[in-house]
Amino acid sequence: NAGVTQTPKFQVLKTGQSMTLQCAQDMNHEYMSWYRQDPGMGLRLIHYSVGAGITDQGEVPNGYNVSRSTTEDFPLRLLSAAPSQTSVYFCASTSRWGAIEAFFGQGTRLTVV
Amino acid sequence: DAKTTQPPSMDCAEGRAANLPCNHSTISGNEYVYWYRQIHSQGPQYIIHGLKNNETNEMASLIITEDRKSSTLILPHATLRDTAVYYCIVPTSGTYKYIFGTGTRLKVLA
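Chains A and B supply the protein sequences, listed in that same order. Counted from 1, the first sequence has number 11 at position 11 by the working numbering; the numbering is strictly sequential. The number in the working numbering is simply the position in the second sequence, starting from 1, with 1000 added.
Careful: at least some of the hints might be erroneous.
Unchecked claim - In silico contact screen, one side only, chain A against chain B (beta carbon under 8 Å); selected entries: (1) A24; (2) L43; (3) F90.
Said to hold, decoys possible - List of simulated lysine-lysine pairs, DSBU-like, C-alpha gap at most 30 Å: (4) A:K9 <-> B:K1097; (5) B:K1107 <-> B:K1069; (6) B:K1107 <-> A:K9; (7) B:K1107 <-> B:K1097.
Derived from the structure by calculation, the hints contain no laboratory data. All C-beta atoms, glycine included, are put in the ideal place defined by N, C-alpha and C.
Extracted from the complex, chain B is given alone in its bound form (with noise of 0.2 Å):
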């Protein structure tokens, strides 16, 4: 699996967008980025995918450069109910391994 690199923690003001990177320099070339959240000790939850192109839904939108080797998970309006430990995996093509790292840890604070 692509190593991915995310900082361990980050604030947020409520209302404002959160920014939260992910570096995967490793990912081959038809290796998706995912994109999970934690809320307490909840099961994690699917927030996004993509590939190259960004994307965006209900939820948040993936920013991925050009080149692959980041990409960036937007929140565009911050509640505290997204205050969750938020993963960035990049599961090798085929296998469906999703190798979890420790995450960033987004604190949305009031």
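Okay, chain A solo, but in the shape it has when bound (with noise of 0.2 Å):
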């Protein structure tokens, strides 16, 4: 009974190194996203994913890719890292019928030095 499990917790990185970050759930949900937290902020969404093959951007998106091979992974792939991308990283996931609740991870806390 995971629900949604992000890698790493923890992740220092230099700037222009590029990293990406793990998100899986085993909850067969079609809907899955990512944001962003900044300090004293809401949630911001980067991007998103419908279903296997489907992505969309969201509020956020420059900087970050995503793919979505199989309905159970959501990478988030930071290019080319900057100091502006110092924040904490949430992947959720939501069965697509019905209105139903969102499940999201504990986090990644990335800094970018």
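Got two chains here, each in a separate frame; can you build the complex from them with the hints?
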């Protein structure tokens, strides 16, 4: 009964490095999304996916790439990390059918130096 | 997404009811109101949702006005563990895109 699993929990990157934040869910949810949360702020939507092979941009997509090759996984790629991307990143998944709650992971705290 | 407006902060005495308001005056007829909370820096946790009728579950009650332009989340007997940021969200129907505002920071006082 894992729900939404994010890895890693913490990461420090140097400016210009690339990395992938992993997100996996075991609930067979169609809809998955990525958010970032800066200190003292609410969550902002980066990218989302309504199913395997389908992705779209959210509020703040620049500097991030996503793909959805399977229902279970939705990785978030930082192509060239910048200090402005220092944040806590949350992944969420939702069943597409009906008014159903979203399940959030516990977050990845990323620092770019 | 329908824009939501919440007070930035509220205090509540332990054991008393906490009433958290939310305005969503541009809500459409088929859009639901969702409430989530975030404790410290954990992932947001679902509390309750509703369309037009009042709803109650083991965590809280949701009161939606008849014109659906506002709602109130009620925690009937607040405890210290209810201290958190509470978010009211109205996703555009069929999109599942949650637009978070800054929420209401509820502090439950001993």
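Next on the checklist: Hints numbered earlier in the text: which of these fail when held up against the supplied structure?
Outcome noted: 1
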